[in-house]
Amino acid sequence: MLSGDGSLYLTYSNGPGPQPVTAGSVWKYTPATGAWKNISPSSGNYGFAGLAVDARHPDTVMVTTLDRWWPSDELYRSTDGGTTWKALNATAVRNDSTAPYVGTRIGHWMGALAIDPFNSGHVLYGTGSGMWGSTDVTAADRGRPTHWTIPAMGLEETATNGLIKPPGLPLISALGDVSGFRHDDLTKVPAKALTGPKFTTTTGIDFAQAKPEFSMRVGSGGEQHGAYSTDGGANWTPFAAAPTGDATSGSTAVSADGATVVWTPEGQVPFLSTNRGASWAAVSGLPRDAAVVADRSAASTFYALSGGTLYASTDGGRHFTARATGLGDGQLKAVPGVAGDLWIAGRGNGLKHSTNGGASFTKVAGVEQASGVGFGKAAPGARYQALYLSGTVKGVTGLFRSTDGGSTWVRINDDQHQFGGSVITGDPDMYGRIYLGSYGRGVVYGDPS
Numbered sequence: 014m015l016s017g018d019g020s021l022y023l024t025y026s027n028g029p030g031p032q033p034v035t036a037g038s039v040w041k042y043t044p045a046t047g048a049w050k051n052i053s054p055s056s057g058n059y060g061f062a063g064l065a066v067d068a069r070h071p072d073t074v075m076v077t078t079l080d081r082w083w084p085s086d087e088l089y090r091s092t093d094g095g096t097t098w099k100a101l102n103a104t105a106v107r108n109d110s111t112a113p114y115v116g117t118r119i120g121h122w123m124g125a126l127a128i129d130p131f132n133s134g135h136v137l138y139g140t141g142s143g144m145w146g147s148t149d150v151t152a153a154d155r156g157r158p159t160h161w162t163i164p165a166m167g168l169e170e171t172a173t174n175g176l177i178k179p180p181g182l183p184l185i186s187a188l189g190d191v192s193g194f195r196h197d198d199l200t201k202v203p204a205k206a207l208t209g210p211k212f213t214t215t216t217g218i219d220f221a222q223a224k225p226e227f228s229m230r231v232g233s234g235g236e237q238h239g240a241y242s243t244d245g246g247a248n249w250t251p252f253a254a255a256p257t258g259d260a261t262s263g264s265t266a267v268s269a270d271g272a273t274v275v276w277t278p279e280g281q282v283p284f285l286s287t288n289r290g291a292s293w294a295a296v297s298g299l300p301r302d303a304a305v306v307a308d309r310s311a312a313s314t315f316y317a318l319s320g321g322t323l324y325a326s327t328d329g330g331r332h333f334t335a336r337a338t339g340l341g342d343g344q345l346k347a348v349p350g351v352a353g354d355l356w357i358a359g360r361g362n363g364l365k366h367s368t369n370g371g372a373s374f375t376k377v378a379g380v381e382q383a384s385g386v387g388f389g390k391a392a393p394g395a396r397y398q399a400l401y402l403s404g405t406v407k408g409v410t411g412l413f414r415s416t417d418g419g420s421t422w423v424r425i426n427d428d429q430h431q432f433g434g435s436v437i438t439g440d441p442d443m444y445g446r447i448y449l450g451s452y453g454r455g456v457v458y459g460d461p462s
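Going letter by letter, the sequence shown gives residues 14 to 462 in the working numbering.
Be a bit skeptical, because a hint or two may be false.
Here are the simulated lysine to any residue pairs, SDA-like style, with alpha carbons at most 25 Å apart [to be verified]:
{"no.": "1", "residue 1": "Lys50", "residue 2": "Pro71"}
{"no.": "2", "residue 1": "Lys224", "residue 2": "Tyr397"}
{"no.": "3", "residue 1": "Lys224", "residue 2": "Gly445"}
{"no.": "4", "residue 1": "Lys376", "residue 2": "Ala392"}
{"no.": "5", "residue 1": "Lys390", "residue 2": "Pro183"}
{"no.": "6", "residue 1": "Lys407", "residue 2": "Gly341"}
{"no.": "7", "residue 1": "Lys376", "residue 2": "Arg336"}
{"no.": "8", "residue 1": "Lys205", "residue 2": "Gly181"}
{"no.": "9", "residue 1": "Lys41", "residue 2": "Asn51"}
{"no.": "10", "residue 1": "Lys390", "residue 2": "Gly341"}
{"no.": "11", "residue 1": "Lys201", "residue 2": "Glu226"}
{"no.": "12", "residue 1": "Lys205", "residue 2": "Arg107"}
{"no.": "13", "residue 1": "Lys99", "residue 2": "Tyr114"}
{"no.": "14", "residue 1": "Lys41", "residue 2": "His135"}
{"no.": "15", "residue 1": "Lys201", "residue 2": "Met443"}
{"no.": "16", "residue 1": "Lys211", "residue 2": "Val457"}
{"no.": "17", "residue 1": "Lys99", "residue 2": "Ser38"}
{"no.": "18", "residue 1": "Lys224", "residue 2": "Ala391"}
Across the chosen pairs, the derived CB separations fall in these ranges [said to hold, decoys possible]:
{"no.": "19", "residue 1": "Ser462", "residue 2": "Asp244", "range": "30 to 36 Å"}
{"no.": "20", "residue 1": "Ser373", "residue 2": "Glu236", "range": "44 to 50 Å"}
{"no.": "21", "residue 1": "Thr243", "residue 2": "Ala352", "range": "23 to 29 Å"}
{"no.": "22", "residue 1": "Gly30", "residue 2": "Ala378", "range": "42 to 48 Å"}
{"no.": "23", "residue 1": "Asn27", "residue 2": "Ala352", "range": "53 to 59 Å"}
Read the hints as simulated data drawn from the structure, not as lab findings. As the structure is a prediction and not an experimental result, all values here were calculated from the model. Here a beta-carbon is modelled for each residue, glycine too, at the ideal position from N, C-alpha and C.
Please model the entire structure based on the sequences and the hints provided.
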């Protein structure tokens, strides 16, 4: 980056980031002398990434470390062209009230840094968990603390792994990096992430259709990797035991009555529990990583789609047998409240539907590509629940709704609102409302205009 006096500043790391990075430095080139100089503010098993120069004061430079895991990353500031530096983190005062789940640590993966060219005190930097901003960073030049807030309202970059909307209860999201949330008010930032325990990443979530207040989630990061809730996700209890010593991540399913939960840990076969995670037993008949889906009406019935084969169990998930083959892979979903009603969003293989518990499937005409499918409250006078599709219908890619079981589709977005995403569900309490987990853009919801 060039400063106003012609000096060139560069930050280096031994990898592109965000990790792993184990070395790096900060350099300055002075054109008048043709000299390069290492002006790194510190050194260790980490790199440097963020770089900013004050447009009003050419000798004022700021840099961030990258992957300095201990004690933490750092934000450095120099007002003499890199001859001396001040570390800002120790005296920084942080206010996380606009996004309490972020916490008040400096952050990590700090690769973006900017000084406002019209206001030298205004600085922004990005982290793996969002943004921090200050309007008084020049206070550090006088030996005073700097003050930081989270100025990221309307900016969202979380990855959505799952969404559930139990009838009569709030939406619950399963997210990467920030665990997930119970969204009591869709217009406000949730007060806290899913805790008790908190996973870094929630990979699977489900609820009992007939007892919607009971839900289950699994994930990775933290001391526990599985938990259940009996109050619609407001509070969570960790499983007393894990299926195996290294059980983590994966997918989950909850029987319609909430009596049985199934967890497929990453890289392992599915396990079931009938005592809310106090003990577990491996299911039989399913391969590793098979994602199990509960029938949303018949409490003893479960399904799984793996390797193009549809498996089913009618004994509470203990034993599975193959029912249909040659289906291709995809996202298997069961329709709420209807026994044996299944849909497969098969990506390039289109959309398939079964009304006999997976014994046979019919490909839905006109749907060339199906990334995700979901269900919501039926339209007034309609006999079948509203279907929501992220995919391609008759050559047009977008979001679609069907009120007649997939016979016809209406596009519900336009070319200026292409959110992408395969995690999709309708609202069981409000016709027309849709929730979409987009690719790195958080959770989007929409209502009919």
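Against the structure, the hints come out as follows:
With a CA separation close to 17 Å, the supplied pair lysine 50 and proline 71 stays within the 25 Å bound. A threshold of 25 Å between alpha carbons decides the hint, and for lysine 224 with tyrosine 397 the separation of about 22 Å falls inside it, so the pair holds. Taking the CA atoms of lysine 224 and glycine 445, the gap is about 23 Å. The hint holds against a cut of 25 Å. A hinted pair counts as satisfied when its Cα atoms are at most 25 Å apart, and lysine 376 with alanine 392 qualifies at roughly 23 Å.
For the proposed pair lysine 390 and proline 183, the alpha carbon gap of about 15 Å is at most 25 Å, so the pair holds. Restraint check for lysine 407 and glycine 341: the C-alpha separation of about 21 Å stays at or below 25 Å, so the hint holds. A distance of roughly 17 Å separates the Cα atoms of lysine 376 and arginine 336; the hinted pair therefore holds under the 25 Å criterion. Using a Cα cut-off of 25 Å, the hinted pair lysine 205 and glycine 181 holds, with the two alpha carbons roughly 21 Å apart.
Taking the CA atoms of lysine 41 and asparagine 51, the gap is near 7 Å; set against the 25 Å cutoff, the hint holds. With a CA separation close to 29 Å, the supplied pair lysine 390 and glycine 341 exceeds the 25 Å bound. A hinted pair counts as satisfied when its Cα atoms are at most 25 Å apart, and lysine 201 with glutamate 226 qualifies at roughly 22 Å. Restraint check for lysine 205 and arginine 107: the C-alpha separation of about 17 Å stays at or below 25 Å, so the hint holds.
For the hint linking lysine 99 to tyrosine 114, the alpha-carbon distance of about 28 Å lies beyond 25 Å, and the restraint is violated. For a cut-off of 25 Å, the pair hint linking lysine 41 to histidine 135 stands: about 24 Å separates their Cα positions. Proximity of lysine 201 to methionine 443 is assessed by CA-CA distance (about 19 Å); at most 25 Å being required, the pair is judged to hold. Restraint check: the Cα-Cα separation between lysine 211 and valine 457 comes to about 23 Å, which is no more than 25 Å; the hinted pair holds.
At roughly 16 Å between alpha-carbon atoms, lysine 99 and serine 38 fall within 25 Å of each other, so this suggested pair holds. The hinted pair formed by lysine 224 and alanine 391 meets the criterion: a straight-line CA distance of about 20 Å does not exceed 25 Å. Checked against the hint of 30 to 36 Å, the C-beta distance between serine 462 and aspartate 244 comes to roughly 34 Å, which is consistent with it. The given range of 44 to 50 Å is respected by serine 373 and glutamate 236, whose C-beta atoms sit roughly 45 Å from each other.
Taking 23 to 29 Å as the suggested C-beta distance range, the pair threonine 243 and alanine 352 conforms, at roughly 25 Å. Distance hint check for glycine 30 and alanine 378: the Cβ-Cβ separation is about 46 Å, which falls inside the suggested range of 42 to 48 Å. Between asparagine 27 and alanine 352 the CB atoms are about 57 Å apart, so this pair conforms to the stated range of 53 to 59 Å.
When each numbered hint is compared with the structure, violations occur for hints 10 and 13.
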